[in-house]
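Now that you have both chains on their own, put them together as the hints suggest.
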Amino acid sequence: MSQLLVANNVSKHFGGLKAVDNVDMIINEGDIFGIIGPNGAGKTTFFNICSGVYKPTTGEITFDGHSLVGQKPEQIARLGMARTFQNIRLFKYMSVLENVFIGFQTKTRTGLADAILHTAAYKSDEQLIREEGLKVLDSLGLLPFKDTKAGNLSYGMQRKVEIARALALGPKLLLLDEPAAGMNQLEKQELMHFVIDLNKRGYTIALIEHDMRFVMNSCNRILVLNFGQKICEGTPEEVREDKGVNEAYFGKGLLVGRKGAAA
Amino acid sequence: MTQTLKAWFSDLPKAVRILIFGLGAVIILLIPRFLTSSYIMGIICRILLYITLAGSLNVINGYTGQFSIGHAGFFAVGCYTTAILSSNYAWDFWFTLPIAGILTAIIGLLVALPTFRMTGIYLSIVTLGFSEIIRLIALNWTGLTGGPLGIKGIPAPQFLGMNIRRAGDYYYIFLLFAVLFLLVTNRVLKSRIGRAWISIREDQQAAQSLGVELVKYKAMNFAYGAFWAGLAGAIYAPYINYVDSNTFTLDEGFNILSMAIIGGMGTLGGPVLGSFVVNILNELLRPVSAYRLVVYGLLIVVMMWIRPQGIIGASDSMLADDRTGADLLERLGLKKRRTA
Numbered sequence: 001m002s003q004l005l006v007a008n009n010v011s012k013h014f015g016g017l018k019a020v021d022n023v024d025m026i027i028n029e030g031d032i033f034g035i036i037g038p039n040g041a042g043k044t045t046f047f048n049i050c051s052g053v054y055k056p057t058t059g060e061i062t063f064d065g066h067s068l069v070g071q072k073p074e075q076i077a078r079l080g081m082a083r084t085f086q087n088i089r090l091f092k093y094m095s096v097l098e099n100v101f102i103g104f105q106t107k108t109r110t111g112l113a114d115a116i117l118h119t120a121a122y123k124s125d126e127q128l129i130r131e132e133g134l135k136v137l138d139s140l141g142l143l144p145f146k147d148t149k150a151g152n153l154s155y156g157m158q159r160k161v162e163i164a165r166a167l168a169l170g171p172k173l174l175l176l177d178e179p180a181a182g183m184n185q186l187e188k189q190e191l192m193h194f195v196i197d198l199n200k201r202g203y204t205i206a207l208i209e210h211d212m213r214f215v216m217n218s219c220n221r222i223l224v225l226n227f228g229q230k231i232c233e234g235t236p237e238e239v240r241e242d243k244g245v246n247e248a249y250f251g252k253g254l255l256v257g258r259k260g261a262a263a
Numbered sequence: 264m265t266q267t268l269k270a271w272f273s274d275l276p277k278a279v280r281i282l283i284f285g286l287g288a289v290i291i292l293l294i295p296r297f298l299t300s301s302y303i304m305g306i307i308c309r310i311l312l313y314i315t316l317a318g319s320l321n322v323i324n325g326y327t328g329q330f331s332i333g334h335a336g337f338f339a340v341g342c343y344t345t346a347i348l349s350s351n352y353a354w355d356f357w358f359t360l361p362i363a364g365i366l367t368a369i370i371g372l373l374v375a376l377p378t379f380r381m382t383g384i385y386l387s388i389v390t391l392g393f394s395e396i397i398r399l400i401a402l403n404w405t406g407l408t409g410g411p412l413g414i415k416g417i418p419a420p421q422f423l424g425m426n427i428r429r430a431g432d433y434y435y436i437f438l439l440f441a442v443l444f445l446l447v448t449n450r451v452l453k454s455r456i457g458r459a460w461i462s463i464r465e466d467q468q469a470a471q472s473l474g475v476e477l478v479k480y481k482a483m484n485f486a487y488g489a490f491w492a493g494l495a496g497a498i499y500a501p502y503i504n505y506v507d508s509n510t511f512t513l514d515e516g517f518n519i520l521s522m523a524i525i526g527g528m529g530t531l532g533g534p535v536l537g538s539f540v541v542n543i544l545n546e547l548l549r550p551v552s553a554y555r556l557v558v559y560g561l562l563i564v565v566m567m568w569i570r571p572q573g574i575i576g577a578s579d580s581m582l583a584d585d586r587t588g589a590d591l592l593e594r595l596g597l598k599k600r601r602t603a
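In order, the protein sequences belong to chains F and E.
The numbering of the first sequence is my numbering, which starts it at 1 and goes up by one.
The numbering of the second sequence is my numbering, which starts it at 264 and goes up by one.
No lab work stands behind these hints, which were simulated from the structure alone.
Just so we're clear, the structure is a prediction, and the values are computed from it rather than from any experiment.
Just so you know, even glycine gets a beta-carbon here, dropped at the ideal spot from N, CA and C.
There's no promise every hint is true.
[To be verified] With a straight-line cut-off of 25 Å between C-alpha atoms, the simulated PhoX-like cross-links for lysine-lysine are: (1) F:K146 x E:K453; (2) E:K269 x F:K107; (3) F:K72 x E:K269; (4) F:K149 x E:K277; (5) F:K92 x E:K479; (6) F:K149 x E:K453; (7) E:K479 x F:K107; (8) F:K92 x E:K269; (9) F:K72 x F:K55; (10) E:K479 x F:K55; (11) E:K269 x F:K135.
[Said to hold, decoys possible] Residues on chain F that point at chain E, a partial pick, calculated with CB under 10 Å: (12) S51; (13) G52; (14) G70; (15) A77; (16) Y93; (17) A120; (18) Y122; (19) L186; (20) E187; (21) E190.
Isolated chain E, as found in the complex (with noise of 0.2 Å):
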């Protein structure tokens, strides 16, 4: 479907074609305007932050087929990042996104580091495990993080003398580094770098012995990926304006990660959709809140199932191979083995 609707949009006259991308940013731009409910915004940016998240959890798990779950770690690293360099140490909030993004990409790098041994179901484990270890450094280095009381007040940003305090004003922020960070993942992944990573996904016996350097590619994927959620943590610090460790729980993790799994991993458009989708539908289900992991849990079962590739996921994959889900609910003796 996105092959066809690719098709006609290109087929279109240019200037038509800048007509709809005109239309199209100058409405993405004034939303805020037309939308004053701070509800509404407040969902939004919520879908922003995540299509940074999950997008950058994607690059990982998506393009090198590495299999992380640990994303919510990263999106810690950032976060505390930002918050204690500007409410402890007044550091504007500019300076820290940098620090950040590099700092959570030098974690990204040492988590790398032990798995380059293991792939799959441990590899998976591993970063688990080392994000349960940065919430519980955050939840019990009390001089730093506050400890369980977390930091308060997180000082806004300021841009052009201007406060950014509502939600409609983070807007901005947070659909620059959405679009920052697809227009740069864009690049990288139809460069050498990119091919290297896709390489791997496929074909890491094959990639190797054609000189694609399994390492340090894996190692640059895994401190890409961090970065990225790096930034979307120092950005998310002052719009929550509090954060305490609870935020980053293993939950958050299967958040953005069932966000890139029903989008679909592999694309960058799939986890902009899982984040709509996942962010949409987790209002709706605020009613019966207790049930909405349940829901998610079948979802994800239910995409496995039948479109293992996620909604708009690649199907020109190992991905789209329907062994990633299939194998695992033939495992679990949910469906019957294909006699080929």
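This is chain F alone, in the form it adopts within the complex (with noise of 0.2 Å):
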């Protein structure tokens, strides 16, 4: 398995706040890689920092052999690494379709002469996105709602598109923030599924996620941070027994059942 995300010692400080703090990350291919930890604990900043939204105050990240830093955002998607947003942020006065379409920007290469002659690189680039498009919608279960508008869909559905628009990318690597967010139980076991699914079609996939049964149950390695540092890497189980991560989430000496209980 080849290392293809790789976080070397990476901070980024917002003045005096250390928002993320020297973590390391390594996602292999394949991996259903998850970053948990508690509120404000800079696992969107984190997010940000790899998909080239912030620029990193040190540190270098790797990506498929090509050093992020300093890259913008759509170079990053171009180098293969789609993302959606923990707000979604869905082109909402768009149609599904229309939304979908914005995805294959880098696979086309329609330029204003041909759009303009209606050449063939125009004609083939238009056809290319329409049935891509539509086989990325039904491979999502969206067709039926590919002319409405965005913004009118229900809010797991809006997620649904999100990701169908990141897929269009063809990404090597997927990430998701908070997919999860705002659904109800239900909701959140068809995602799971859905998530686990698209890893077996291949998708390396990293996501935030606050849900510990979502993590637990569907990634293969998880990274905990908390107030900005990393506090534990590895597989579920290894989190499960890190003092440290018991300690992020409970507090220390405070459960219940030890000295002074029954007071």
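Right under this line is the structure:
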């Protein structure tokens, strides 16, 4: 298994706040990699560094052999990393299919002259995005909604459309930022199976999630952050046993049943 | 309303549609034969000119959501290019056209450069400043532009050996370019490029995450809009026969902007309607000319209030989200904040 995304001593400071502090991470090809941590642990900041929204204060990130430091988000997308956002960022006034069309930006080449003269390049591009776009929607069961305005869909559906749009890039790595946020248990279950299914189809996935059951049951490796620092990285079993993780989530010495519980 | 009209039209049998199109085309082509009044033809020419001008501004403001208010500057560059080349260097009008368009597009690119890091009101101020710089250069570079005296007696273009002199003749040139602009722009907007522009308007960060190259597309967008404004200017020069820098004040920039806003940004039809409405209003308000701008100002405020996307503006875009206008009014205390 080869290493796909490698973060080395990555830090991001906002003034005096160390949002991400010296974090290392390795995502291998074929992983479902979970990033967990309490609120404000720096998970999304870390994601944003990986996808080029922020420049790291220090440290080095390589993706598929390319250094990502100083690369713009669109360049990183072109290298094959696609992402979704914590607060869904769909083009909500466009139809579902049009949303997916934008995802094919990196795979098409139409220039200004092609568009004006309707050259062969334009026609083949349009055909490609229509065919492939419908295929992507079909594979996610979104075909019946292709002409619906994205903003009019239910929350869970919008999440799916955002993933569909990201898949249109044909990414080597798919970053999902809290995909299950705001979903009920049933929707979460469904999403989890969907993510596992995507992984089986060959996509490497990294996801941030608060829901423990979701992460423990879907991810094969997990990184735990707290106050910007890495406290643990390993398999779900290792993370479950880790003392630092338990402290981060439940606090120190306050567990019921220990001394002073009667008082 | 436009939707139902479109649906109604596409439901008609093909023969009827062709007939309606043909009839419409014939009527449009014969207009100068019926309307011999040069006053009326003048107004119609202005309307056609501003379809291209407001339309090209709309490509920038309405489709990538950048907010340029310096379109008079691009208009001026095209106008002066043709005026200088054809009067000082005796170039043929038709050869000056592409030069005017391309030069303006290059200047559009230059303006776009510092604007990549800017959005909203900051970008608007840069374009405003640029427009004034162009006007001041035109006013002061006497050797090239004739300075405050301007350039007089710009030679009339020739077409098949005929001199194009009357408004009724210019009508065809203005019409040709307005139609060309609409057809070409329609194609661009329905391609990968147009979709990239619109995605930037709708959500810049999401667009970037999907590989839309922000700088490239914003620059291309600015250059494209500038190109057509340059062409419009190039045709305007021989039409008006005389250019001076007073034509290209900020008022002119706001005039073009008001057409795009009133008609509706983010649709091709919007600026067309805006050009009709504003130009006709312009004539109707001639008796109270001193208050004309007041009326425009009020009209824009009211539009922003009740219909921020313009008369036939895109209901399927960010622009229809009444944030654009309502936010401004809320800040000015003219409208109560909605509690959602």
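Hint check results:
1. F:K146 x E:K453: holds (18 Å)
2. E:K269 x F:K107: Roughly 33 Å separates the two Cα atoms, so the pair is violated.
3. F:K72 x E:K269: violated (42 Å)
4. F:K149 x E:K277: It is violated: about 30 Å lies between the C-alpha atoms, which goes past 25 Å.
5. F:K92 x E:K479: holds (24 Å)
6. F:K149 x E:K453: holds (18 Å)
7. E:K479 x F:K107: With Cα atoms ~16 Å apart, K479 (chain E) and K107 (chain F) stay inside 25 Å; holds.
8. F:K92 x E:K269: Answer holds: K92 (chain F) to K269 (chain E) is near 23 Å, not above 25 Å.
9. F:K72 x F:K55: Holds. K72 (chain F) to K55 (chain F) sits at ~9 Å (cutoff 25 Å).
10. E:K479 x F:K55: holds (21 Å)
11. E:K269 x F:K135: It is violated: about 30 Å lies between the C-alpha atoms, which goes past 25 Å.
12. S51: S51 (chain F) check passes; min Cβ-Cβ to chain E is 6 Å, inside 10 Å.
13. G52: This interface hint holds because 8 Å falls under the 10 Å limit.
14. G70: violated (15 Å)
15. A77: holds (4 Å)
16. Y93: Where the cut-off is 10 Å and the nearest Cβ of chain E is about 5 Å from Y93 (chain F), the hint holds.
17. A120: violated (14 Å)
18. Y122: Interface hint status for Y122 (chain F): holds (6 Å vs cutoff 10 Å).
19. L186: With a minimum Cβ separation of about 28 Å from chain E (threshold 10 Å), the hint on L186 (chain F) is violated.
20. E187: Not OK, violated: E187 (chain F) not within 10 Å of chain E, min 22 Å.
21. E190: violated (24 Å)
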